[in-house]
Structures are given as C-alpha cells and as structure tokens.
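Protein chains: 2
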Amino acid sequence: MARVVVNVALKPEILDPQGRAVQGALGRLGLIGVSDVRQGKQFIIELDGALEGERAELLHKLAGELLSNPVIEDFTLTVEN
Amino acid sequence: MARVVVNVALKPEILDPQGRAVQGALGRLGLIGVSDVRQGKQFIIELDGALEGERAELLHKLAGELLSNPVIEDFTLTVEN
Chain F
93 MARVVVNVAL KPEILDPQGR AVQGALGRLG LIGVSDVRQG KQFIIELDGA LEGERAELLH
153 KLAGELLSNP VIEDFTLTVE N
Chain D
93 MARVVVNVAL KPEILDPQGR AVQGALGRLG LIGVSDVRQG KQFIIELDGA LEGERAELLH
153 KLAGELLSNP VIEDFTLTVE N
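Chain order of the listed sequences is F and D.
The numbering used here numbers the first residue of the first sequence as 93 and each following residue consecutively.
The numbering used here numbers the first residue of the second sequence as 93 and each following residue consecutively.
The following block holds chain F by itself, in its conformation from the complex (with noise of 0.2 Å):
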C-alpha cells in the first residue's frame, strides 16, 4: 500500500480570487494580521503496493496533466510508501 498525497496550488503570479474572498471574510471575522490567503486542491491517491518505476513517473506525469493545469498551477507530490 502505498499513500500519495497530490497537493495542487495556483502559481504565486496568478490571481486566487477565491483564496481573497477566505482573507476577507477571516479579517471580517475578527481574526486579524492575515496577510495572504491562497486555495488549491488536495487529492490523497492510495495505491496498491509500492509506488516505484514506471508506475512512479506516470504517476508523476498525471499529476501534472491531469491532476493539475501546468499553465497555471503547481503541483508537489508526496508519496507515503
């Protein structure tokens, strides 16, 4: 069993509307001194046996073609072996 968790962000360049609206609404809320907000995606993958060799790299390539949109995302992949 291997545990691979697949977190997504939007790149620091590209405007998060959505991670704004969470600042404001904290700030709004009483809690103060929140300087930045940003929102992505968390996908937790489990997979049977260990993740190595081929199954590895595509994994890997799917995370970033599938999982996440390389124009305007990031992704960085853990694996829990």
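Among the clues, some could well be false.
Here are the in silico distance ranges between beta carbons for each label pair [what the hints assert, rightly or not]: (1) D:Ala148 - F:Glu172: 19 to 29 Å; (2) D:Gly145 - F:Glu138: 34 to 44 Å; (3) D:Leu150 - F:Glu172: 26 to 36 Å; (4) F:Glu172 - D:Arg112: 15 to 25 Å; (5) F:His152 - D:Leu158: 31 to 41 Å; (6) F:Lys103 - D:Leu158: 23 to 33 Å; (7) F:Gly141 - D:Leu158: 20 to 30 Å; (8) F:Gly145 - D:Pro104: 36 to 46 Å; (9) D:Lys153 - F:Pro162: 30 to 40 Å; (10) D:Glu144 - F:Met93: 15 to 25 Å; (11) F:Gly145 - D:Val163: 13 to 23 Å; (12) F:His152 - D:Glu165: 22 to 32 Å; (13) D:Lys103 - F:Ala113: 16 to 26 Å; (14) D:Ile106 - F:Leu121: 17 to 27 Å.
If you're looking for bench data, these hints aren't it; they were derived computationally from the structure.
No residue lacks a Cβ here, since even glycine has one placed at the ideal position from N, Cα and C.
Start from chain F and add chain D according to the hints.
Just chain D now, kept in the frame of chain F:
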C-alpha cells in the same frame, strides 16, 4: 510570520464523486492499482507575527466553521511559526 496550512477533506463515510471520477480517469490513463482517491481543499494562510493565544483559538474555530463544513468535512491545521 506564521504560515498555516489547513487541509479540508470529506469525512470517510461521505461519498466523494470527484475523487471517484479522478480514480476512474487515472485507471483509464494507464495507472494500475488505484484503490481510492479522495479530493479535498487546502488553504495556505500567511499571518503577520506568530500564531498564539486567542488568535490561535479563533483560527481553529474558523477552520472548523468557515473553511470546512463540520457536517460533512474534517480538517487538519498545521502551523509553521
């Protein structure tokens, strides 16, 4: 400066059709042995100063009430001061 990461995921007993769709797509694209996919949200919150005391309590409260829906979602909150 504190950086707070709030991960929000559907409770395990709640069906996740988005995750199921991703699981199907990964399989069709050749990734074998995917037993489960869950899709959640991630908020990255940048704060001025350290997170402590009442402000920490308020952020925990807001993570459970504003950033997540306590009826169907769980959250984890990680602070990097």
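Results for each hint:
1. D:Ala148 - F:Glu172: 19 to 29 Å: holds, 28 Å
2. D:Gly145 - F:Glu138: 34 to 44 Å: Given about 38 Å between the Cβ atoms, the range holds.
3. D:Leu150 - F:Glu172: 26 to 36 Å: Taking Cβ atoms as reference, Leu150 (chain D) and Glu172 (chain F) lie about 32 Å apart, which means the hint holds.
4. F:Glu172 - D:Arg112: 15 to 25 Å: For Glu172 (chain F) and Arg112 (chain D) the Cβ distance comes to about 22 Å; the hint holds.
5. F:His152 - D:Leu158: 31 to 41 Å: With a Cβ separation near 34 Å, His152 (chain F) and Leu158 (chain D) satisfy 31 to 41 Å, so the hint holds.
6. F:Lys103 - D:Leu158: 23 to 33 Å: Given about 25 Å between the Cβ atoms, the range holds.
7. F:Gly141 - D:Leu158: 20 to 30 Å: violated, 39 Å
8. F:Gly145 - D:Pro104: 36 to 46 Å: violated, 30 Å
9. D:Lys153 - F:Pro162: 30 to 40 Å: Cβ of Lys153 (chain D) to Cβ of Pro162 (chain F): about 37 Å, so the range 30 to 40 Å holds.
10. D:Glu144 - F:Met93: 15 to 25 Å: This hint is violated: roughly 38 Å between Cβ atoms.
11. F:Gly145 - D:Val163: 13 to 23 Å: violated, 42 Å
12. F:His152 - D:Glu165: 22 to 32 Å: holds, 28 Å
13. D:Lys103 - F:Ala113: 16 to 26 Å: holds, 24 Å
14. D:Ile106 - F:Leu121: 17 to 27 Å: holds, 26 Å
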